[in-house]
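Protein sequence lines correspond, in order, to chains A and B.
For the first sequence, position 178 matches number 178 in UniProt numbering, and the numbering has no gaps at all.
For the second sequence, position 240 matches number 240 in UniProt numbering, and the numbering has no gaps at all.
No lab work stands behind these hints: they were computed from the structure.
Keep in mind that the hints are not guaranteed to be accurate.
One copy or any two copies: either way a pair holds, since identical chains are not told apart in the list.
Pairs of lysine-lysine residues, derived as DSS-like cross-links and limited to a Cα-Cα distance of at most 25 Å, are as follows [stated by the list, open to error]:
{"id": "1", "residue 1": "21", "residue 2": "69"}
{"id": "2", "residue 1": "2", "residue 2": "277"}
{"id": "3", "residue 1": "226", "residue 2": "278"}
{"id": "4", "residue 1": "226", "residue 2": "212"}
{"id": "5", "residue 1": "115", "residue 2": "212"}
{"id": "6", "residue 1": "91", "residue 2": "69"}
{"id": "7", "residue 1": "35", "residue 2": "69"}
{"id": "8", "residue 1": "28", "residue 2": "289"}
{"id": "9", "residue 1": "91", "residue 2": "28"}
{"id": "10", "residue 1": "356", "residue 2": "286"}
{"id": "11", "residue 1": "35", "residue 2": "120"}
{"id": "12", "residue 1": "383", "residue 2": "21"}
{"id": "13", "residue 1": "289", "residue 2": "91"}
Only a predicted model underlies this, so the values are computations on that prediction, with no experimental measurement involved.
Number of protein chains: 2
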Amino acid sequence: MKLIVQKFGGTSVATEENRLKAIEHISKAVQDGYKVVVVVSAMGRSGAPYATDTLLSLVNDHYISAREKDLLMSCGEVISSIIFSNLLKSKSISSEALTGGQAGFLTSDMFTNAKIIDMKVDRLRFLLRQLDVVVVAGFQGQTDTGEITTLGRGGSDTSAAALGAALQAEWIDIFTDVEGVMTADPRIVNDARPLSVLTYQEICNLAYQGAKVIHPRAVEIAMNAKIPLHIRSTMSNDLGTLITSIKKANYGQDIQERPVTGITYVKNVTQIRVQAKKDDYDLHSKVFKSMADKQISVDLINISPRGVIYTVPEEVTETATQTLKELGYEPIVLPGCAKVSAVGAGMAGVPGVASKIVTTLTQAGIQILQSADSHNTIWVLVKQNDMIEAVNTLHRAFELEKQGSVDRIDHTK
Amino acid sequence: MKLIVQKFGGTSVATEENRLKAIEHISKAVQDGYKVVVVVSAMGRSGAPYATDTLLSLVNDHYISAREKDLLMSCGEVISSIIFSNLLKSKSISSEALTGGQAGFLTSDMFTNAKIIDMKVDRLRFLLRQLDVVVVAGFQGQTDTGEITTLGRGGSDTSAAALGAALQAEWIDIFTDVEGVMTADPRIVNDARPLSVLTYQEICNLAYQGAKVIHPRAVEIAMNAKIPLHIRSTMSNDLGTLITSIKKANYGQDIQERPVTGITYVKNVTQIRVQAKKDDYDLHSKVFKSMADKQISVDLINISPRGVIYTVPEEVTETATQTLKELGYEPIVLPGCAKVSAVGAGMAGVPGVASKIVTTLTQAGIQILQSADSHNTIWVLVKQNDMIEAVNTLHRAFELEKQGSVDRIDHTK
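So that you can see chain A by itself, here it is in the shape it has in the complex (with noise of 0.2 Å):
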């Protein structure tokens, strides 16, 4: 049986027009003799009468429990998953609408971010040889005692990635707004463009350092199952952005002519210092233990004899320094900071692309407050108020902005 699944998001579903576009999409891979998984989001964004947080307002947070907000929310899912399956049999595709449970998805108890402990798809495959579609709700399971759970966040990407495993599907396609996976975000980035093919590795950077384009979670089902994921937009035929495995993407020794792929950022960032007093032997720990105890997330952790220098969410710089005062020590905190990320499988064991970021980010006047790497990704800290020029200067250094050798690649074959 030829499979894809085919992925709609929020604002894919949200109006009548861009789900006739959608149903365009899965027209075109019925014809093409495809059997069609479509996972769908709930309809819209807030406002919209169903829509997750809309549903979610109305009723009061402090007393629903997490079960009942599963139970509640799955409701915007399945409405749409009949919408779509409705207006799909209205054009002549046979179709049917399945909620997550009974799409297989057996998930864990723990409401509002459960984890899929099984897929059991034998029902689903059934389906898709009598149907040319099958629409299931995103974002949602069901455990084995008959409760309603929700995937957490990505929910509905996580979804399709765990159908297009669970079923061998020949690729996932993750519909949405944007054109593709782009070089660097274009509201603030002129020069950005989308990218035709990326690494599941550095999608997942991408999506971990600021890009919104697909859950993190997602691609490592996919890549996990060796399923090849299109990034593109419902808009538009262009097939977007491939991402799949290294030795499938054909970077070969083309690999090193892309050493960076995309440049992202999170803002609001606060960094923190923490000088060690004399003796202070459990400062790491003391200090750490102290910051999860508070349930605040640390990252850009530079360790040495001398002290400890990280970072926090902006929102939790009270907390946190509130929380090392109590342990006895006077913490230097520089809020308004912003990580800026260059994300590309080829850096690894490439010299030079450290320092070319340092140098490009000096002479630009941009100062390096902190720095971090890893085989495929390279992180500076710096001043939210250079952000936007330290993104441009960097996206301009590695070319970005032109098509790479690696672009060129035909990946419908």
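On the provided structure of chain A, position chain B as indicated by the hints.
Positioned in the frame of chain A, the structure of chain B alone reads:
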């Protein structure tokens, strides 16, 4: 465990004001030491975003499967149940919302009109040991393969009755927008008044004959389980109408003092008269088979060797006439009729009730086109123009505007 069931219909859950009134009733029961199973309908009538009709308006009825229709409609009651549960908790009443399936409604897979096969209420009992209230989404159930079903017309009443029976509730409150069961429709009879007690059989007959206060299916379930029902208004503290067995209603020797309990009507009826041809031995079977083949429901059937007289709903007049002509008959067709019924458990074996009806109507100049009777209902067919006068005339003739002896019973005991 002292336990009651309280059902709140569409208008009772439609506005915040009405919901708060409903919460007061639940709160009162909890204060009186009862565990309360609350059954809710979807919120409000057409136009409200989560009303059943509005949900159905999102799709094209021509393409939706019955299975998808049920899944879509079920969201309306689920959303209601969570809003109710949330409101209860905000008033310090512990509560949790369950879908029909989670509450134990195991049904057939006859979508849009599913039958209850079994009530699996272990989980509900378990929750009731820990909580004051469990709110159950009415009108819905689940098959053994996890399909969501709805219970058809009067579904939330049926849900309440089935829960009352399965949990052996002390009684079931059916909250509605009227004060109780009336002696006649107050929109056409000025002197109509609420009845304080009725038998199960009487309310069933009233309901079948046009009174829309509760669905007969719900009454039958309560009757078989011997659970009393109260039909009452959300907006008042009156106990409304008690529905119970003849014995419990304490009619005793007074029963013959109330041969007639209420007068109802059904509008838009067509009378059809078919005359037998020579040697037309199978006239009756031919006629009724042809009506059944066209899915036309027939009523008030009077059979004689010379032919047959019966009624059909006015909207199928044309189809019925055409069908009979194809059989070679020339039916005499009279549209614009109305069925007026006098219902009363006390009329069985009481002579003169039929004669009083005939005499009264004749004296008032109302022509009786046809009549029929069972042990507790007498029907007459009149011209629709005469209907309002016929109902008022009979209401006066049986002195229904006066408080009867059985109405003095204190049914809180």
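Results for each hint:
no., hint, result
1, 21 to 69, "between (31 Å within a copy, 24 Å between copies)"
2, 2 to 277, "neither (65 Å within a copy, 65 Å between copies)"
3, 226 to 278, "neither (52 Å within a copy, 81 Å between copies)"
4, 226 to 212, "within (22 Å within a copy, 60 Å between copies)"
5, 115 to 212, "within (21 Å within a copy, 47 Å between copies)"
6, 91 to 69, "between (35 Å within a copy, 18 Å between copies)"
7, 35 to 69, "between (33 Å within a copy, 23 Å between copies)"
8, 28 to 289, "neither (54 Å within a copy, 49 Å between copies)"
9, 91 to 28, "within (12 Å within a copy, 53 Å between copies)"
10, 356 to 286, "neither (36 Å within a copy, 95 Å between copies)"
11, 35 to 120, "within (18 Å within a copy, 38 Å between copies)"
12, 383 to 21, "neither (42 Å within a copy, 55 Å between copies)"
13, 289 to 91, "neither (58 Å within a copy, 38 Å between copies)"
Hints 2, 3, 8, 10, 12, 13 from the earlier list are contradicted by this structure; the remaining hints agree with it.
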